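**Q** Once you have looked at the hints, place chain B on chain A.
As a plain string of letters, each chain reads:
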Amino acid sequence: MGQSLAGGGSASSLTPNQPTLQFGRAPSSLRARPRIGDPLFKWATGFFAVLIAALAVLIMVEMAINSKLPFAKFGFGFLSRSVWDPVKEQFGALPFIYGTAVSSVIALIISVPVSLGVAIFLVEKAPRKLSNPILFIVQLLAAIPSVVYGLWGIFVLAPMLRNHVYPALQSTFGFLPLFQGNQNGLGLLTAGLILSIMVLPIITAVTTDVLRAVPGTQREASLALGSTRWEATLIVLQNAKSGISGAIILGLGRAIGETMAVTMVIGNRSQISASLFDPSYSIASVIANEFTEATSEIYLQSLIELGLILFFVTFIINMLARLLVWSVTRGEGRGGHA
Amino acid sequence: MPSVGRRKLLDSTMTVLTGLCALFAVASLFFILGYIFWGGLRGLSLGFLVNSPKPIGEPNSGIANAIVGSVILIALGSAIGMPVGILGGIYLSEFGSNKFGLLLRFLIDTLTGTPSILVGVFVWTVMVHPMGYFSALSGGVALGIMMMPIVARTTEEMIRLVPQSLREAGLALGAPRWRVTLGVVLRTAASGVATGAMLAIARIAGETAPLLFTALGLNYMSTNVFQPMASLTYQIYYYAQAPYEEWHDMAWAATLVLVTMILALNIAVRLLTRNRHQQA
Numbered sequence: 001m002g003q004s005l006a007g008g009g010s011a012s013s014l015t016p017n018q019p020t021l022q023f024g025r026a027p028s029s030l031r032a033r034p035r036i037g038d039p040l041f042k043w044a045t046g047f048f049a050v051l052i053a054a055l056a057v058l059i060m061v062e063m064a065i066n067s068k069l070p071f072a073k074f075g076f077g078f079l080s081r082s083v084w085d086p087v088k089e090q091f092g093a094l095p096f097i098y099g100t101a102v103s104s105v106i107a108l109i110i111s112v113p114v115s116l117g118v119a120i121f122l123v124e125k126a127p128r129k130l131s132n133p134i135l136f137i138v139q140l141l142a143a144i145p146s147v148v149y150g151l152w153g154i155f156v157l158a159p160m161l162r163n164h165v166y167p168a169l170q171s172t173f174g175f176l177p178l179f180q181g182n183q184n185g186l187g188l189l190t191a192g193l194i195l196s197i198m199v200l201p202i203i204t205a206v207t208t209d210v211l212r213a214v215p216g217t218q219r220e221a222s223l224a225l226g227s228t229r230w231e232a233t234l235i236v237l238q239n240a241k242s243g244i245s246g247a248i249i250l251g252l253g254r255a256i257g258e259t260m261a262v263t264m265v266i267g268n269r270s271q272i273s274a275s276l277f278d279p280s281y282s283i284a285s286v287i288a289n290e291f292t293e294a295t296s297e298i299y300l301q302s303l304i305e306l307g308l309i310l311f312f313v314t315f316i317i318n319m320l321a322r323l324l325v326w327s328v329t330r331g332e333g334r335g336g337h338a
Numbered sequence: 001m002p003s004v005g006r007r008k009l010l011d012s013t014m015t016v017l018t019g020l021c022a023l024f025a026v027a028s029l030f031f032i033l034g035y036i037f038w039g040g041l042r043g044l045s046l047g048f049l050v051n052s053p054k055p056i057g058e059p060n061s062g063i064a065n066a067i068v069g070s071v072i073l074i075a076l077g078s079a080i081g082m083p084v085g086i087l088g089g090i091y092l093s094e095f096g097s098n099k100f101g102l103l104l105r106f107l108i109d110t111l112t113g114t115p116s117i118l119v120g121v122f123v124w125t126v127m128v129h130p131m132g133y134f135s136a137l138s139g140g141v142a143l144g145i146m147m148m149p150i151v152a153r154t155t156e157e158m159i160r161l162v163p164q165s166l167r168e169a170g171l172a173l174g175a176p177r178w179r180v181t182l183g184v185v186l187r188t189a190a191s192g193v194a195t196g197a198m199l200a201i202a203r204i205a206g207e208t209a210p211l212l213f214t215a216l217g218l219n220y221m222s223t224n225v226f227q228p229m230a231s232l233t234y235q236i237y238y239y240a241q242a243p244y245e246e247w248h249d250m251a252w253a254a255t256l257v258l259v260t261m262i263l264a265l266n267i268a269v270r271l272l273t274r275n276r277h278q279q280a
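Residue numbers (our numbering), protein chains in the order written: chain A, 1 to 338; chain B, 1 to 280.
If you are wondering where the hints come from, they were derived from the structure by calculation, not from laboratory data. In this text, all values refer to a predicted model and were calculated from it rather than measured experimentally. Among these hints, one or two may not hold up.
What the hints assert, rightly or not - Which chain B residues stay away from chain A? Per the calculated CB distances, all over 12 angstroms, these:
| no. | residue |
| --- | --- |
| 1 | Val-26 |
| 2 | Ile-36 |
| 3 | Ser-52 |
| 4 | Asn-60 |
| 5 | Val-68 |
Claimed, not checked - Listed next, the stretches of chain B that the computed footprint assigns to chain A, with coverage defined by at least 3 CB atoms under 8 angstroms from CB atoms of chain A:
| no. | stretch |
| --- | --- |
| 6 | 148–154 |
| 7 | 175–182 |
| 8 | 224–237 |
Ideal placement from N, C-alpha and C gives every residue a C-beta, glycine not left out.
Isolated chain A (complex conformation) (with noise of 0.2 angstroms):
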């Protein structure tokens, strides 16, 4: 403890009239003196969580007042219309709305399943010693950069898509309009893909979390009725079905704020396109990619205003699936071994 510390205030507030006692020294004065130390201390700590809290509030702020022009122009239709044009200075959300929903839906088909086999291994099927290590690999999948996916994308994946898997696709199932047209790689479904990737870990994570806060007395329970283990397995998943949804939105919120791997991968065409081969453009990637270089004033604003959009939506989203999670983890898994 530094110098500093010993001459504030040191008179308790349990013991007001007692000596005060110091940590590893002898008592430096035994006079009480004004208790001015805690109040301060609460006021200073709180200074700083208030400051933290309010940057969520502001960043929506900034991004209302900094999108006025579109919304002036264009009101709420800027949600529906479909053209943008720098050039004319028209400007609508839709097909950037249409990417992001599109891409991250095809992230959550491929990554739900997945993600929930892993978990459900986890909780249900591997002793500690092996789940716990197997957890933390799938971590790691969270831990790198947004960017190597990208550049993993661009070089690894879509090469093999464009090879392999879409011709493949295309012959199978062709006569859907989802899979025809050309397929140069980046486009709709390589950015659905290489973000399925990325949302597996956070919806294994919580996922593992919710099946673990679920009392092993219920699984006790089927067993002892004569069920199998999968069959005792479905009780538990039943039972930690909101906990799930919650995991699952959480990763629908990630999938929808995820920017630098969309954007390298997705195309980049303000376009909507039945087929999923085709080139597209997301919320955060088209934000990333004309932001700097937005020429007239309504261009930019229209493009703070689509981060408007990005944050409500994201906003409410992580706020269900947080009460959705908590509906089951609360009084569990983490306040369980305080």
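**A** For chain B alone, coordinates are given in the frame of chain A:
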């Protein structure tokens, strides 16, 4: 109800299927890492680490400026984000068990969930735009903002793990609350807080999006925080999108450097906290 045989068959099928899912997740990490090592080692050399970028075609190009830039940006971000995060976390754990604390936690978690690109937009509107130029300082602020909620929440959790009896012992000795918190509670939780801070560093070290409109990038060595500054992540993004084979190799090599750093941090944290994990 299906026969016992079929139920047992389904049971073992699901065991195999879920095991395959786990195998797939583990394999995809090694698959990606394998490509990074394979692709990165080709371009990696001592010169690559100590030289700055040279024009296309010239030999001995390197990413020293990006490594230095990343270190400066991360240091700036930590200097801004960590004190705020730790002090905020102390407040949440010591004084935050009321409605106001819940509101703060809710907003702080909102900030954690905010896409990082929007933090970049925010810092652009409040700093870069009024100042009139891109700067490493604004990049550091953006990274700092990203760190704050993460550090605050891990600090809070770690402090909560400190047994109540330790607080009571400190208070019983007549120490004021703030001294008990700083000298006993925070000190006991120090290793946990430190590992949380390390994870936060690992997290922001990989960020690109908040730097796009703040620190931007720079093609030469610079340590001036009032100028744009290179970073490993921005450099990877920039090189990957360029049409030159040579730059692609450099992007892979830079990725190898970055991923090695980040994984080392993560694994170090894991090793440091292994005892806690085993108890839990």
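**Q** Taking the hints in turn, state whether each one holds.
**A** A quick look at each hint next to the structure:
Once the 12 angstroms rule is applied to beta carbons, Val-26/B is inconsistent with being away from chain A; the minimum gap is 5 angstroms. Not every beta carbon of chain A lies more than 12 angstroms from that of Ile-36/B, the smallest distance being close to 7 angstroms; the non-interface claim is violated. With a minimum CB-CB distance of about 20 angstroms to chain A, Ser-52/B clears the 12 angstroms threshold, and the non-interface call stands. At the 12 angstroms boundary, the C-beta of Asn-60/B stays outside the reach of chain A, the nearest C-beta of that chain being 23 angstroms off.
Every C-beta of chain A lies more than 12 angstroms from that of Val-68/B, the closest at about 18 angstroms, which supports listing it as non-interface. Check result for the stretch 148–154 of chain B against chain A: holds, 3 residues qualifying (beta carbon to beta carbon below 8 angstroms, three or more required). For the stretch 175–182 of chain B, the proposed coverage by chain A is satisfied: 7 residues have a C-beta within less than 8 angstroms of a C-beta in that chain, meeting the threshold of three. Coverage of the stretch 224–237 of chain B by chain A holds in this model, with 3 residues showing a Cβ closer than 8 angstroms to a Cβ of that chain against a need of three.
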